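S.K.: For the record, the sequence lines run as chains H and Y.
Counting from 594, one number per residue, gives the positions in the first sequence under the numbering used here.
Counting from 219, one number per residue, gives the positions in the second sequence under the numbering used here.
Do not take every clue at face value.
[What the hints assert, rightly or not] So the derived label-pair ranges between C-beta atoms look like this:
#1 H/A912 x Y/V756: 51 to 61 Å
#2 H/A673 x Y/D503: 48 to 58 Å
#3 Y/R512 x H/A1121: 56 to 66 Å
#4 Y/G604 x H/R701: 26 to 36 Å
#5 Y/S647 x H/A673: 24 to 34 Å
#6 Y/Q287 x H/E800: 22 to 32 Å
#7 Y/T708 x H/K1048: 39 to 49 Å
#8 Y/R411 x H/D1072: 26 to 36 Å
None of these hints come from the bench; they were simulated from the model.
Since the structure is predicted, the reported quantities are computational estimates derived from the model, not experimental observations.
From the three backbone atoms N, C-alpha and C, an ideal C-beta is built for every residue, glycine too.
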Amino acid sequence: MKRARAVVVRFAAVALLPIALAAQQRDSAPAAVTTAELSGVVWSADANPQPVRRVVVSIAGGSINARSVITDDAGRFVFAKLPAATYTLTAKKPSFLPAEFGSSKPGRPGSKIALGVGEKRAVGITIFKGAAIAGSLRDENGQPVAGASVTALDARVMRDPSMILSPEAFTTDDRGEYRIYGLTPGDYIVVATALPDGSGDIALRREVEMDALLASLSQRQNRAPNPTPAVPARPKLVGFAPIYYPGTPMFQDSAKIHLDAGDERGGVSFVVSHVPVASIEGVVTGNVPSMTTVMLSITPEQPRVNITTGGITASGPDANGVFKYGNLAPGRYRIVARARSGPAAPAQPIGAGRGGGFAGATPPPGVAVPANGDMLYATVDVDVRGQDINGVSLPLQLGGTVSGKIVFDGPAAALPDDLSSIRVSVNLVGGGWNASNGTTRVGPGLSAILPAQLKEDGTFEIKGVGPTRYTIGTTLPPDMATGWRLRSAIFDGRDLLDTMIDGPASLQGVTLTVSDKRTQIAGVVKTAAGQLVSDCYVVAFSADRNNWRIGSRRNLSARPTTEGRFTLMDLPPGEYHLAVLTDLDPLDWQLPESLESLAPAAIKIRLTEGAKIAQDLQIR
Amino acid sequence: MPGLSRLWTSSCAVLAGVVLAVPLLARQNPPQGDAQSKPPEPPANGVISGTVFDGATGEPVVNALVNLQPALVTKPMTNVITRAITDEKGRFVFQNLPGPSEFTVAVTKSGYLGGGFGRELAPTEALRRIVLKDGEWVGGLRVTIWKPGAISGVVRDEAGEPAVGVLVRALLRIRLMGRDDFAAGPMVLTDDRGAYRILGLAPGRYYVQVPSVQASVPSDTKFPALGQSLSDALDVDESHRLVIGRYPLPPPPVDGRQLAYPLMFHPSTSQVAEATPIDLRYGDDRSAIDITLRPVASVRITGLVEAPPDALRQLTLRLLPAGLESLGLGAEAATALVAPDGRFTFMNVPAGSYTLDAPVQVTELLSQASATNFRRSVPMPPPAQGRGISWDTVDIAPGLDLATTTFRGGQVGEYSGRMPLIVPGADLSGVVLRLRPHATMSGRVIVESDPAQPDVKPPTRFTIYLDAARGETHLGRPQSSFQDQPGEFTITGIVPGQYWLRVPGYAGWVVKSVTWNGRDRTMTPFDAAEAPEMNDVVVTVTNATPQLTGTVRATEELKAENTIVIAFPFEATLWRGTGFYPARMKSAPVTTTGAYRFTALPAGDYLLLAIDRTHANTWRETAFLERVARFGTRVRLEWSGKPVQDLTPVVVR
């Protein structure tokens, strides 16, 4: 866990002109004057920094087109004939992590360089070597597993498996070996997937079982006819599931690997074996005209690296509501059923989503999709451990309703005459992703709810809220969208914009406030001696612990410019802590335990609607 | 080599079993009121079992995934598991199979090339059908799976520093229609130590190269949002940028002079003629195949493309080094985007002899996907956004696909051109490439359905393909439009060259005859240079193909199951210029009972031979046919005919 330290700020190791100097140069220069020059050296991040050759350094900013050059054998680069402007400099070299000028660590934002007319500045950029993880995969017989897809996942996915990830996948070679390189420092879990082609059950018999089977077949052939042909015992069915280092299909049991910049971690080897698969059988019940119109979807609870159906088979529900899922690897699964209570419409071709609520998901081919009635949902979590499970019950219940009104906090004259183009929407958290293969549908199984139009009296009603979390939002017409924003969604004393909606609850009397007022907190960061600081991060977070959550709209961070000036725009009104950090991980700083450690050293400020506050900060 | 062991059940015993079962079941399930209920069928009892062996070592293979596929079943397969994993002794068993039926058995294991029953010599052989009678146990099958070869090494630059994240590719030497050429093999990326490993290689002669395409665009070219970020291009001068991707970064300029890394072959040469080949067999693992990159001086080439404006849209010129002219994207030394007025500039080109190519689309031969199922692809010439790749196996060489990539997007005029170009050691200007228009062909398709198969409905439309008679990949494989009305066809985009007309996609249907301008063109290829528009071509297709069957008798020297039967024209002039899909040169596998069958040969005069399967990849070469022709059995095939010809294997030394 990273703790914020308000200590002496470190500057980059190479000569950097004092930041204050650049401020004098910024009188308006004619764009035609292109005599400034930005040059420098790219350094390695070792204790004894060495120049790095063959680095692609790129410059962007002002009115110029982005340019790139390669460093020579002395690590030098030059950009000449530049107009006065503010520039970003980035450096890239394969096997190194992308670097930005002014960034003290990989993955941290850098700072911009303000170049004056004709100014010639030399800078240094530090580039860090990526870390690597390598190992080999074997099967349970000790033979190498070739062609398996291996990825290193950010270990933070363990606390939030619904994060959608798309890290680069590496493939094991014919010796079962893999090497993942170019990793930024952090904690990782390693996962391997070996999915064979084809679909259907796979039988596995080991040597002893096979000997017995062949023996019984021989006996059957050699002796007198048997009136009842022998029905052979069903073999064990196996499947292929993602296996996590050190060798488990359960991601909660995976081991974290910690990497610092440039670390080389070999020997991350483990056994990738088949897993026993099992089935889930159950019944959907509820008040629908026909059970065959119910749409089922299943989500395995594990990091979503490859969105596929992964060999899971599905059937049903039939007219009696009976359904079955097969080929399920061990783990926890959530099954969601949804249907409409209205009468069925004639079968529509796939994609005809007019008027229905099925946006974002396709009904099984040829199935009649009911067009009216309320949305019903059922959900159940099932733990599969290699044994078939029967008797799972999915009782369909009415989805929730969110209703209320909109009020406008701003001059009535600024409102457009026609408010009917305003939409209120209740949006799924985590998206309505799915993957399907024939009748099998994998994914949260919930479709987006169509936005509701604002009625003439300023009220709205949204139905069909399912058993998951939602956020509430508005879509304003273009002429309003620039100046106005949704400020709050009050229900029963709480603001839904901070807490989200836990479906399938029904919320009546939600008041949405749309306001044209904007807040701002701005200032400079100085040392005790009065020197402006830009190599730091300013953060603001709610003073109310209930809002301490990654991704809260009340968390905001900003980097000061090279003149030490920072601006935090559009935080919602409320009480805040304001703090300065020397190092910041974009996600981890928002963890409740991080905020807990920042609060004592922070400045408390109160932001009212439309307030513009000037607040300088000091780094101790 | 042990043959099949067959365990026959006595048919009386089975019958007795069935007769006894019926009254037994009747006692257990009293009729439910309806006296017409049939007794339930006894469960299917057929069994297929065997062992999977490594083709190179002969050792049994554990954890292989065996896949049983029905080829011909007369009863439904209920409750049958068709995939099984082999045990520690490589064994598998499939039960409850209905009979009479025919099955094939294929096997996969990661790290191996796909094998199966019938693939004793190579993974490209056809799967042999297993004939199963009702209640029979066909056991003891030997199923072979092959470990491919691998090549590995390190790529470094002239200072000894590893080249990270660059593509390394294996090119396969092939012999096609009497010519030596290359097919593109698998491609991988070097890791952060510059190390690479190319897997999944079938036996053959390979050349390992590091592709290096100097792709330049005018500086004001807008890049699409996907794929190209700003640091993927280098500014080489005021008006041009060099796009970098998975190719080695060019060295920085020396004394204002830009240098280039040419495409490099192992060990360290840019000339394929000087490269060291690597000969691989199954299971070979060749390491230390290192490549050292060396920079060379480079020059600029400017010139003009003469063609109508819409033929210049999104046109990318390719400069292909000598010897690599039939390869596709990634084989170039340099590419250049042509400006709307036809002007172009190649930046950073090493001196040498080249072919300058202005294509509408790019076609090459690919050696089929490796055991790792993963084909890394070359970057597209900028600023192309998306690409379409279509590929199909060619009949003339097992294990090869003909793949066409289109990337120009939108409507482009049907013009293309190629010319040789010698690039000297100094800048070259004033190069002019004149594009030639493509030809078109149109006409009618007449369908002659086989009267002996009244239930078979012909496809509603036939796509006609043009097959480059001399196997020139840059001619691609033009095909008729999907928008054509049934019974008519139009083909556009025909690059000047010689072509046969084919209908390869329709099982059982072949071209019976082709007429044009009143003359029979069935046995003469079309030359697209004859006329820019070839209209009123009449193609007659039929499924009344001769059904040629027979049995191969085993001899002392050669067993039936170790043979294939080959059929080729009696007329020797038809052995050359056959295209990638020769209609009159086919081979057939032999079933477990020694039977063979040809159903796709057009009527004509043929020679038939049963030869050792080891010749499966080489028999189509003219030199081979000249040697064996006199041992062949002459057969005349007529439309709708059903000749039977038994054969004795011929040993070819």
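S.K.: Does each hint hold? Answer for all of them.
M.R.: Against the structure, the hints:
1. H/A912 x Y/V756: 51 to 61 Å: 55 Å, holds
2. H/A673 x Y/D503: 48 to 58 Å: Distance hint for H/A673, Y/D503 holds at roughly 51 Å.
3. Y/R512 x H/A1121: 56 to 66 Å: 57 Å, holds
4. Y/G604 x H/R701: 26 to 36 Å: 35 Å, holds
5. Y/S647 x H/A673: 24 to 34 Å: 28 Å, holds
6. Y/Q287 x H/E800: 22 to 32 Å: Between Y/Q287 and H/E800, where Cβ atoms are some 26 Å apart, the hint holds.
7. Y/T708 x H/K1048: 39 to 49 Å: 57 Å, violated
8. Y/R411 x H/D1072: 26 to 36 Å: 58 Å, violated
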